[in-house]
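J.: From first to last, the protein sequence lines are chains A and B. For the first sequence, my numbering assigns the number 1 to the initial residue and increments by one for each residue that follows. For the second sequence, my numbering assigns the number 1001 to the initial residue and increments by one for each residue that follows.
Hints in this document: simulated from the structure, not taken from any laboratory. A portion of the hints provided could be inaccurate.
What the hints assert, rightly or not - With the Cβ distance kept under 10 Å, some of the chain A side facing chain B (calculated, not the full set):
(1) Lys137
(2) Arg173
(3) Ile197
(4) Ser202
(5) Thr232
(6) Glu235
(7) Thr308
Where a beta carbon is used, it is the ideal one built from N, C-alpha and C, also for glycine.
Protein chains: 2
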Amino acid sequence: MELLVVFDSPSNMTSSLSLRHVAVVGATGAVGKEMINCLYRLGYPFDSLFLFASEKSKGTNIETPDGSTLTVSEFSVDEIVRSKCRIVLLAVSGTFSEQFSPALVQAGCIVIDNSSAFRYMETVPLVVPSLNGLVLKKDELSGGKIIANPNCTSAISAMVLFPLHMKFGGIKRLIASTYQAASGAGEPGMAELSSAIAAHASGTPFTPTVFSHNLCSNVIPCIDTVQPNGYTKEEMKLVWETQKIFNNKEIEISCTAVRVPTMRAHCISASIEFNQPVSVDQVREILHQSPGVVVVDNPGEKIYPVPTQASGKDDVFVGRIRQNLIFKKHGIDVFICGDQLLRGAALNAVEIAVLVNKILAE
Amino acid sequence: MELLVVFDSPSNMTSSLSLRHVAVVGATGAVGKEMINCLYRLGYPFDSLFLFASEKSKGTNIETPDGSTLTVSEFSVDEIVRSKCRIVLLAVSGTFSEQFSPALVQAGCIVIDNSSAFRYMETVPLVVPSLNGLVLKKDELSGGKIIANPNCTSAISAMVLFPLHMKFGGIKRLIASTYQAASGAGEPGMAELSSAIAAHASGTPFTPTVFSHNLCSNVIPCIDTVQPNGYTKEEMKLVWETQKIFNNKEIEISCTAVRVPTMRAHCISASIEFNQPVSVDQVREILHQSPGVVVVDNPGEKIYPVPTQASGKDDVFVGRIRQNLIFKKHGIDVFICGDQLLRGAALNAVEIAVLVNKILAE
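Please put together the full structure from these sequences, using the hints given.
T.: Here is the structure:
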């Protein structure tokens, strides 16, 4: 892949670009729309926001949170450069990113990529800003650069796992089973679940095209392609990305990723063994103090994380905190829930943009 | 609990009762209805079938698979004895079972109890017939007796775990996360999920009364009451019952039990560490040979267990068989799915009745 040599470009390429010009590519999709919202909500200091998508979405008008209307343009690298966008948020497929990110980098853009295309390359930082934002160095951001946004499940679970990892001598082992929402398959996934629910309610037959089975009243224990080891790519992402974000290849991780009929919040049931002893009270205290995490843990009073309550929220919710019955004093079980489109994608990407802007403005 | 001393009654009490007279108590509920079907389908050799329920269901007519109609009577111990029923299948609450089972036993009945009321008492056998049916001894069945039917999740997962436990030197550790259907809360649970789906489709607000939250487009990580150790009773049932059915208190088990919006098939994501080495091929072969288990494991071709396909089936389905990435050569991950009302309740109970009849007829 000769394209991959051009991940960093000389800083003289950036002279015509501006950090105050921002592009969202894939602006008509579920993640792209949330990126636009987050750019406004987090107050990214842009002068101009440019929206791009494929040819078929060209001309679509999108209302922004400040009441103005932006028109979507057809994507091309030239168009991005002409728009002087230094910050390019990609809410596109891995294939698309692989095809165009190198040229964007060569043009001097900082590409914040929500796809998995470059996540596992050593030279590409994989960032959850509040956890490992320090991996972004000013001198490495002087030219073009790809910065990878983690997979939804990795980003959501990391918000809870990372502070515990830092406190209790590191995570030794993590066993996770997931409950992943339709939004993981984008706007088409959410639309298909809505249609499937409507068909179920009216007793009409329904043939799925996005998911392998009718997702209404069902769960599907397979997301993404199957790897040679029998795990799906979605499952291995949690392994690879947790190790990379935590900068620790020693953490042993096994995951089962399952699609469930929820709309846009993912859940993770996690059993964790730490290198040092841990107690439920300590975990609750650490997580209470962790930014972006809300402890909802009083099951006797019906208080625990549920997808409908986490949807649309920036925070990640955690509850059902218990001493693991196998790992005993070294182990904890938790149930984690977070909005897939926000912490799992758009919010995290925009937080990266905010951080990049801050680093370069300093 | 002085009532508990009467679990076994002298065999002279049984003289007026007949194994060919069978009672289903709770006959109008989801499990009770399936028990009636299973009695016919499995060919239990009854001459007379008597249906009982609470006063409010008295007089309800139920069509049986052979086309006849049976009328539900109000339950009383006297009525059971008058009907000469030696076999009494209970599809009732734990409280009801606690109240009436001792008197039924004293009257000489063999009570096959689907509730958890007596499951954990040492003198009460907990039975999945094809796995540990040998715990039922002819001499212990000569009088009245309570036989406990396992919890749905325990029975379904045991069908897959037990043959592996026997083959690979015993299960050392089991970590499970469940995906449990609405039917676990009986007919009212299923009805509430249907109503919630209809309300979602029509955009109507919905207030749940059976579940703690609207189950449509949601998951609820808490089933049954919370125990002092922070685990729910539903989670601890898997621990207690697996150890009891497998007759091995050494097996370490940790579980997270989650309600999902499916109708009547439960799933279990299980990570298992064995005392001896194990391979994916060996597991597949053992499970292929295990009665009541169907291996559906070709995820590349979209073949894996899903609730909509397991619903209404006697068999338990297993797939996503992988070498666990943490326990390595000693570990396996599987995804299990089975009908909650059948293997998880009614089918298993009727199989116990069939076995009891066979033992006593020998």
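J.: All hints are to be evaluated individually against the structure, with a verdict given for each.
T.: Each hint tested on the structure:
| no. | hint | result |
| --- | --- | --- |
| 1 | Lys137 | violated, 32 Å |
| 2 | Arg173 | holds, 5 Å |
| 3 | Ile197 | holds, 5 Å |
| 4 | Ser202 | holds, 7 Å |
| 5 | Thr232 | holds, 7 Å |
| 6 | Glu235 | holds, 9 Å |
| 7 | Thr308 | holds, 5 Å |
In the structure shown, a violation is registered for the earlier hint numbered 1 alone.
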